[in-house]
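Enquirer: Using this note's numbering, the final residue of the sequence shown is 521, and nothing's skipped along the way.
Misleading hints may appear alongside valid ones.
In the BS3-like style, the derived pairs of lysine-lysine whose C-alpha atoms are separated by at most 30 Å in a straight line are [as the list claims (entries may be wrong)]:
no.	residue 1	residue 2
1	K416	K335
2	K335	K443
3	K378	K308
4	K240	K479
5	K281	K381
6	K420	K369
7	K330	K428
8	K423	K369
9	K362	K281
10	K463	K294
11	K479	K239
12	K362	K330
13	K378	K443
14	K428	K381
Don't read these hints as lab results, they were simulated from the structure.
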Amino acid sequence: MGAAMCVTAPAYAADSFTMGYSAGYLTDPFQSIEVNMTIDAAKKAGLTALPVANANGDAGRQVTDIHNLIAAGAQGIIVVPTDSKAVAPAVDFASQKKVPVVSIDNGVAGGKVFMVVRSNSVQMGKEACEAVGKALGGKGVVLELQGDLATTAGRERTSGFESCMKSEFSGIKVNSQPTNWKTEKAVAAAQTIVSSTPDLGAIYMQSDSVMLAGVLSVLKGADKMTKVGESKHIFLVTIDGTPGALKRVRDGYVDAVISQPVDLYVKYGLYYLQSAIAGQTFKAGPTDHNSEIVSDQGSLQDLLPAPVVTSANASDSALWGNAAK
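Whole structure, please, built from the sequences with the hints as guidance.
Expert: This is the structure we're talking about:
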């Protein structure tokens with residue numbers, strides 16, 4: 197698949213093993229679509245999929261879930277960490293048991309995963325910053341609805357955005373509000389800031405799956421939900437690219453969406469898990485699928501591209517959000 201590899205004798209046939217899936221939580225559409233697509237793809241590949249383990253946002257429970265999946269016979273595991281650091285001991289346990297782990301969507305801070313498959317969250321934050329900075333002409337106030345800073349994605353989407361704002365748009369004030377990927381927290385923060393900030397010019401949401409519907413409801417309730425190009429429009433940029441977000445771009449209420457390629461998370465997450473079972477290894481460098489494998493904290497990460505979506509390309513059938521059921 198483009199990255200250099202060497203092949204040794206497989207521990208199991210790569211197309212006939214038992215797979216476990218450890219979800220950090222399944223409370224938003226993105227995560228639900230991700231797990232459903234992964235299990236469907238695994239079954240189509242001939243794998244046996246154990247029942248999905250859902251930690252429901254509890255880091256300790258996710259550690260237990262991974263132990264339980266191994267006890268139930270998982271020979272390889274896909275994990276979406278709810279806490280990038282807290283999951284590391286469970287990943288190490290799996291390694292000791294010769295059970296490879298591939299992390300998708302979010303990284304693992306420590307612990308030896310075979311591969312992390314995700315997008316460059318720093319770059320996505322930077323792209324959101326550049327879109328906001330251009331829209332506001334370098335001046336004004338932006339509300340940043342952060343995810344969970346205990347996750348790699350939350351930290352990097354924050355650092356990419358705020359570092360760019362500081363260096364390129366110092367005339368814009370950033371009002372950062374943590375949400376822990378919780379819809380109710382995003383709504384509460386939006387209500388407070390929208391009602392108390394008459395010069396609010398933009399809102400950056402680190403997950404439209406979690407935050408967009410609630411933010412639009414807040415704007416509508418405050419009589420500030422206007423279309424792109426209309427006077428007093430509050431510029432809206434999100435990360436995820438769910439079907440609902442793409443529809444809002446087409447409808448003219450959302451300016452830009454950075455689309456996480458969940459379809460590719462699934463495709464390459466399974467590819468790397470099968471490769472691990474087959475005894476293949478990879479090293480840092482460019483791939484043949486328009487990404488780059490990098491080394492981070494002792495593990496490899498395949499950082500997939502995340503396209504920026506505006507009204508110009510929001511109907512593109514190649515976007516996962518336009519193909520998701």
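Enquirer: Does each hint fit the structure? Answer for all of them.
Expert: Here is what the structure says about each hint:
1. K416 - K335: 24 Å, holds
2. K335 - K443: With Cα atoms ~29 Å apart, K335 and K443 stay inside 30 Å; holds.
3. K378 - K308: 29 Å, holds
4. K240 - K479: Holds, at roughly 28 Å.
5. K281 - K381: 23 Å, holds
6. K420 - K369: 20 Å, holds
7. K330 - K428: 16 Å, holds
8. K423 - K369: 23 Å, holds
9. K362 - K281: 27 Å, holds
10. K463 - K294: 23 Å, holds
11. K479 - K239: 28 Å, holds
12. K362 - K330: 14 Å, holds
13. K378 - K443: Given pair K378, K443 holds - Cα atoms ~22 Å apart, limit 30 Å.
14. K428 - K381: 25 Å, holds
When each numbered hint is compared with the structure, no violation occurs for any of them.
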